[in-house]
Amino acid sequence: MSLIAEDRPNSYIGSSVPRPNARRLLQGRGRYVDDKTLPRMLHAAFHRSPYAHARVLGIDTAAARAMAGVVAVYTGADMAREITPWVGVLTHLSGMRSPPQPALALDVARWVGEPVVMVVAQSRAEAEDALAVIEVEYDPQPAVTDMEGALDPAAARVHPDLDSNLCWDRSVDVGDVDAALSAPGVTVVERTFDFARHTGVTLEPRAIIGDYDAAEDRLTVHYSGQAPHMMQAVVAKHLGLPEAQVRVVAEDVGGSFGVKIHTYGDEMATLAASRLLKRPVKFAADRMESFVSDIHARGHRITARAGVDDEGRLVAVEVDDITGIGPYSVYPRSSGIEGNQVINLIGAPYELANYRARLRVVFQNKAPMSQYRAVGHPIAMAVMEGLIDDLATATGRDPADLRALNLRRDDSYPSASPQGMRFADLSHEACLEKLKALMDYDGLRAEQARLRAKGIHRGIGLVSMVEVTNPSPMFYGAGGAPISAQDGATARLDASGAVHVANSITEQGQGTDTILAQIAAEVMGVDLAQVHVTTGDTATVPYGGGTWASRGAGIGGEAMLQAARALRAQVLEVAGQILQAAPDALDLSQGHVVDANGGRVRISLSDLARTVYYRAHELPAGSRPELIATRHARVEDYPFVFTNGAMASYVEVDAETGMVTLLGHWVVEDVGTMLNPKLVEEQIRGGVVQGIGGALYEECAYDEDGQMLNTTMADYLVPMASEMPDITIGHVSTPTRTSQLGAKGAGEAGTAGAPGAVMNAINDALRPLGAPRLSQMPMTPQRILRALGRVGGEG
Amino acid sequence: MTGIAVTMTVNGETVSQTVPARTLLADFLRERLGLTGTHVGCAHGVCGACTIRVDGVAVRSCLMLAAQADGTDVETVEGLTESGALATLQDAFHRHNAAQCGYCTPGMLVSAADLVAAGGSPDRAAIREHLSGNYCRCTGYQAIIDAVEEVIAANAQQAEANA
Chain U
992 MSLIAEDRPN SYIGSSVPRP NARRLLQGRG RYVDDKTLPR MLHAAFHRSP
1042 YAHARVLGID TAAARAMAGV VAVYTGADMA REITPWVGVL THLSGMRSPP
1092 QPALALDVAR WVGEPVVMVV AQSRAEAEDA LAVIEVEYDP QPAVTDMEGA
1142 LDPAAARVHP DLDSNLCWDR SVDVGDVDAA LSAPGVTVVE RTFDFARHTG
1192 VTLEPRAIIG DYDAAEDRLT VHYSGQAPHM MQAVVAKHLG LPEAQVRVVA
1242 EDVGGSFGVK IHTYGDEMAT LAASRLLKRP VKFAADRMES FVSDIHARGH
1292 RITARAGVDD EGRLVAVEVD DITGIGPYSV YPRSSGIEGN QVINLIGAPY
1342 ELANYRARLR VVFQNKAPMS QYRAVGHPIA MAVMEGLIDD LATATGRDPA
1392 DLRALNLRRD DSYPSASPQG MRFADLSHEA CLEKLKALMD YDGLRAEQAR
1442 LRAKGIHRGI GLVSMVEVTN PSPMFYGAGG APISAQDGAT ARLDASGAVH
1492 VANSITEQGQ GTDTILAQIA AEVMGVDLAQ VHVTTGDTAT VPYGGGTWAS
1542 RGAGIGGEAM LQAARALRAQ VLEVAGQILQ AAPDALDLSQ GHVVDANGGR
1592 VRISLSDLAR TVYYRAHELP AGSRPELIAT RHARVEDYPF VFTNGAMASY
1642 VEVDAETGMV TLLGHWVVED VGTMLNPKLV EEQIRGGVVQ GIGGALYEEC
1692 AYDEDGQMLN TTMADYLVPM ASEMPDITIG HVSTPTRTSQ LGAKGAGEAG
1742 TAGAPGAVMN AINDALRPLG APRLSQMPMT PQRILRALGR VGGEG
Chain R
477 MTGIAVTMTV NGETVSQTVP ARTLLADFLR ERLGLTGTHV GCAHGVCGAC
527 TIRVDGVAVR SCLMLAAQAD GTDVETVEGL TESGALATLQ DAFHRHNAAQ
577 CGYCTPGMLV SAADLVAAGG SPDRAAIREH LSGNYCRCTG YQAIIDAVEE
627 VIAANAQQAE ANA
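Chains U and R are the protein sequences, given in the same order. One point on numbering: in the numbering used here, the residue at position 307 of the first sequence is 1298, and numbering is uninterrupted. One point on numbering: in the numbering used here, the residue at position 49 of the second sequence is 525, and numbering is uninterrupted.
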């Protein structure tokens, strides 16, 4: 069966059908966790540490317990009896260490925002009233904030039991970098980059409801997140419940982006409180809590150098990355993957023989840092693409030409990078060519030159990039985490001829349910409206990983394809029995079994199903049709399925004010088979804007005592409609060889490439002004003016 | 805590309740009336997710107390859906995929409806400017602008035809 949309009924794969389940959301009929009210439900609020590092000397909860509406108050010690601590290390990240993390702080609080005391009350307002009268006696300790300072032997220790503040270090050394960079005729550039911490700012803050049924010793978790089965395993293990007694339900999720896929102490405590009190307990973070307790992202200082020979060919890259992760490596995915991806992915688009990298992951007294959309990619791409632009400038080459010279050839796959990343089915050259045409590169360069003469500073920034998608078990499972790399799909035909599908991938607005319906409808030859999709409930969907690492379409979609094909084969077999025809002489179309040749209608799916379910005595003896099939899929042979793309940003910089105007943004991405081009494009656009946020606006600003200074949306800037450009998207499609569906991931590429493109564009605009290159994100007006020498100061 | 008696019209129905003085209008709608289509994203009046109509004007329901809404006519996404006031925008949002997670969408629709109702032919930049008080983390905004632009263009065409 072809997977390319054909001109025949029910050809949905490759078609931009609108999302059927979006209508509910458009009418305000979403079912987000905080919308749910359960009988006898209580509400939780948390006292959080006001210090980045402090010993907890005493907690007085007497006054709080006496407050109206208060049902219970729990300290760290109380919760330690209910919840075992967790350790966020992956065994395949060799040498990584992180101390056990309690749900609520015990004798030491290690970041501003760490939960210390929990109040459960009849309402959130009453719980917050009680927080005001809780007395916690703290003994402030020196805070470790700067990530380089954290490694000073004289630095205070985040964890006194460890001999330093180092969580993990990793080195890569392939080829001979020193010889390559010192060879005659080689031009070498070097640059230090600073990437601030930012955070997810999901519009729906984290929220959870624990609903413990003491009669059955069963805990139902209403979860706003991406990985229900992982959550089930984590909750069961640390609350001491059998896994099968924990049900995790994720209905509508108001944005996640990697924020809501981790283990949070306040959420675990909420579940434990439900078990202690034998009634539902809800916790819904407010925005300030989100800023200080959601995972933060990025936070890197990187020094990198690279060289090209006299023909412009890249000879070597060297990188030193230090990244600060807060006081604990986050469980169960760790906080090591971010930095690991940075050093794994730098240089990936290019032919490169010599590579050396050092990564140091350090503890500090700030909010925990972990995986967020495009994990490590924006850093890796910005560093490499920044160096490429520097090399172009240093050697007098056009940046697009220098990329074209060095990109991996489209006919060179499979291949591997010095870091051991394995590539197949990529199209860097085609994407760059298409990008240049899409944006009219030569025309923009001419316009830029024309306007420069008039004192208008415009710049063009390019990025060639890869994205890790569809991970195999090598990502997490191999490191001991309870995270499935496979996904499961079930397809069944009901008595009315409707198709019901269930899948372990989840929906946070990407269009997961829609692409699953498209696949099933096409294979089963039914109208899209005849497919009913269930996701996000461990009680009803097959076991699987969920939606993260751009794996939903590629892995969950492949499972769906195989399950639907298996159901189709069952239907055709029983149709053959009913119609006394060979199954391969039959086809499915528009809700009917038809002749494969000529399309004559033979029997409707509903008649077939009713025969099977109601009048099976009419079937031949021994016929036992199932009309339900489950299949699982995972990626074999390759650790990841890489995608590739090329991106460009066109900006104007006001040298007087430091303001950046985004004039245009172009993306050409190869996601393999496109199940729904519109949904692919909207994933890319949303991702680009998230990347622009990190490039220009977003920063978790801390003072030297570890206080986060901008904990409201009035202070922490996010991209809004008025500043964002229209984003033009083109496609190259090279299906992955790892599946029959051929789909790669599309969820993170935009975020991966955009910051580097914007940074290169700004530097391109500023180049004639003789300003030092901007290498610090976000690139705020103040930092731009400082680079131009117009204002002083630092930070 | 002393209660305050409030009476208002919510989506065409008269509602009389006694609320704690500090109750936000957004919380009143969500928790007392079950109108969970109104979302709270920041509670500081910045993100726009809680935007509703009070006496025909788009307001942030997180910046208003329930007591302040006494005697007013309140419309939320549920009522504006039922009346058909948002139907054209909802249809355009659907076709353009202008909602992903959907959490910003009710507020975004109410803000967009304000601009549509104002008439005229605002260009894309003006539409972006009007919606710049509504935060969306998913879409990157372009599809939203496309949808609103289409509705405005259709209305302008209709107005021309009627002229």
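Since the hints were derived computationally from the structure, they do not count as laboratory data. Values in this document were obtained by computation on a predicted structure and should not be read as measured data. Among the hints, erroneous ones may be present.
A partial selection of chain U residues facing chain R, derived with a Cβ cut-off under 10 Å [as the list claims (entries may be wrong)]:
| no. | residue |
| --- | --- |
| 1 | 1023 |
| 2 | 1029 |
| 3 | 1114 |
| 4 | 1131 |
| 5 | 1177 |
| 6 | 1180 |
| 7 | 1181 |
| 8 | 1185 |
Quick list of the computed label-pair ranges, beta carbon to beta carbon [stated by the list, open to error]:
| no. | chain 1 | residue 1 | chain 2 | residue 2 | range |
| --- | --- | --- | --- | --- | --- |
| 9 | U | 1781 | R | 590 | 24 to 30 Å |
| 10 | U | 1780 | R | 599 | 33 to 39 Å |
| 11 | R | 485 | U | 1028 | 45 to 51 Å |
| 12 | R | 600 | U | 1780 | 33 to 39 Å |
| 13 | U | 1208 | R | 483 | 57 to 63 Å |
| 14 | R | 520 | U | 1647 | 30 to 36 Å |
| 15 | R | 630 | U | 1183 | 31 to 37 Å |
| 16 | R | 639 | U | 1780 | 31 to 37 Å |
| 17 | R | 520 | U | 1057 | 29 to 35 Å |
We put the CB at the ideal spot given by N, CA and C, even for glycine.
Hint check results:
1. 1023: 7 Å, holds
2. 1029: 13 Å, violated
3. 1114: 8 Å, holds
4. 1131: Since the shortest Cβ distance to chain R is 29 Å, the answer is violated.
5. 1177: Violated, about 40 Å.
6. 1180: 32 Å, violated
7. 1181: Constraint on residue 1181 of chain U not satisfied, violated at 34 Å.
8. 1185: Interface hint status for residue 1185 of chain U: violated (24 Å vs cutoff 10 Å).
9. U:1781 <-> R:590: 24 to 30 Å: Distance hint for residue 1781 of chain U, residue 590 of chain R is violated at roughly 39 Å.
10. U:1780 <-> R:599: 33 to 39 Å: 37 Å, holds
11. R:485 <-> U:1028: 45 to 51 Å: Violated - the Cβ-Cβ distance for residue 485 of chain R and residue 1028 of chain U, about 24 Å, lies outside 45 to 51 Å.
12. R:600 <-> U:1780: 33 to 39 Å: Given range 33 to 39 Å: holds, Cβ gap about 36 Å.
13. U:1208 <-> R:483: 57 to 63 Å: 47 Å, violated
14. R:520 <-> U:1647: 30 to 36 Å: 31 Å, holds
15. R:630 <-> U:1183: 31 to 37 Å: 53 Å, violated
16. R:639 <-> U:1780: 31 to 37 Å: This hint is violated: roughly 57 Å between Cβ atoms.
17. R:520 <-> U:1057: 29 to 35 Å: 31 Å, holds
Hint compliance for this structure: hints 2, 4, 5, 6, 7, 8, 9, 11, 13, 15, 16 are broken, all remaining hints hold.
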